[in-house]
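**Student:** Line by line, the protein sequences are chains A and B.
Under the working numbering, the first sequence has 55 at position 55, and the numbering climbs by one with no breaks.
Under the working numbering, the second sequence has 46 at position 46, and the numbering climbs by one with no breaks.
Misleading hints may appear alongside valid ones.
Because identical chains cannot be distinguished in the list, a pair is counted as satisfied if it fits within a single copy or across any two copies.
To be verified - Taking lysine-lysine pairs in the BS3-like style, the calculated list, with each CA pair at most 27 Å apart, reads: (1) LYS78 / LYS111; (2) LYS37 / LYS92; (3) LYS78 / LYS104.
If you're looking for bench data, these hints aren't it; they were derived computationally from the structure.
Given the structure is predicted, the values throughout are model-derived calculations rather than measurements.
Protein chains: 2
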Amino acid sequence: MSATGQPAQTPEPPYYAVIFTTRRTEGDRGYGAMAEKMVELAARQPGFLGIESVRDPATGLGITVSYWDSEASIARWKANAEHRIAQEAGQKLWYADYVLRVAKVERAYGKPA
Amino acid sequence: MSATGQPAQTPEPPYYAVIFTTRRTEGDRGYGAMAEKMVELAARQPGFLGIESVRDPATGLGITVSYWDSEASIARWKANAEHRIAQEAGQKLWYADYVLRVAKVERAYGKPA
């Protein structure tokens, strides 16, 4: 559930991944606080399974992958009122560029013990 | 095709994503050179569509997403001889933990112009 330092612990596939690849504009402009808030808010949504988020401070490129039980849960999260405000600020202020991909995770494995 | 600073330019879905989330061990141990080599090698494989790779130096968490035209291309890349050597070193030396997920990208959109 946390977005800090660990691969997300997700159930057996199938489930969905939202791969959000972004390039930040210069300066914070309120981004850091909102990003943290959105992770907390996402984690409280129905169907949320986990999130992984990494940004390279050197290049400004970031990848956030959130995991969901269904397309319906992803659609609900996209329509969330607070999230919509963040999406708009993302377009206008925070992201020089982004690509969002919705994918169905078909198989997964971890490091052998 | 590059893994530096830009979202990958991929064709219209459907296509496949390999989401490789890793936590590095301490120290380089040859990782940097091999990681760079593997990106170059992956980019020359049949069916390769693009790659995005980010690591946060502060937490050691990294996410690399490579994009492929089919499951068959992913299987071939997994079986590549040089890549297998890297996979083994990954397990033994470089990664404290990892999760690899194979997902079918069903839809995608970028930042509106």
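**Student:** Now look at each hint and say whether the structure bears it out.
**Tutor:** Each hint, compared with the structure:
no. : hint           : result
1   : LYS78 / LYS111 : between (32 Å within a copy, 15 Å between copies)
2   : LYS37 / LYS92  : within (18 Å within a copy, 37 Å between copies)
3   : LYS78 / LYS104 : both (17 Å within a copy, 20 Å between copies)
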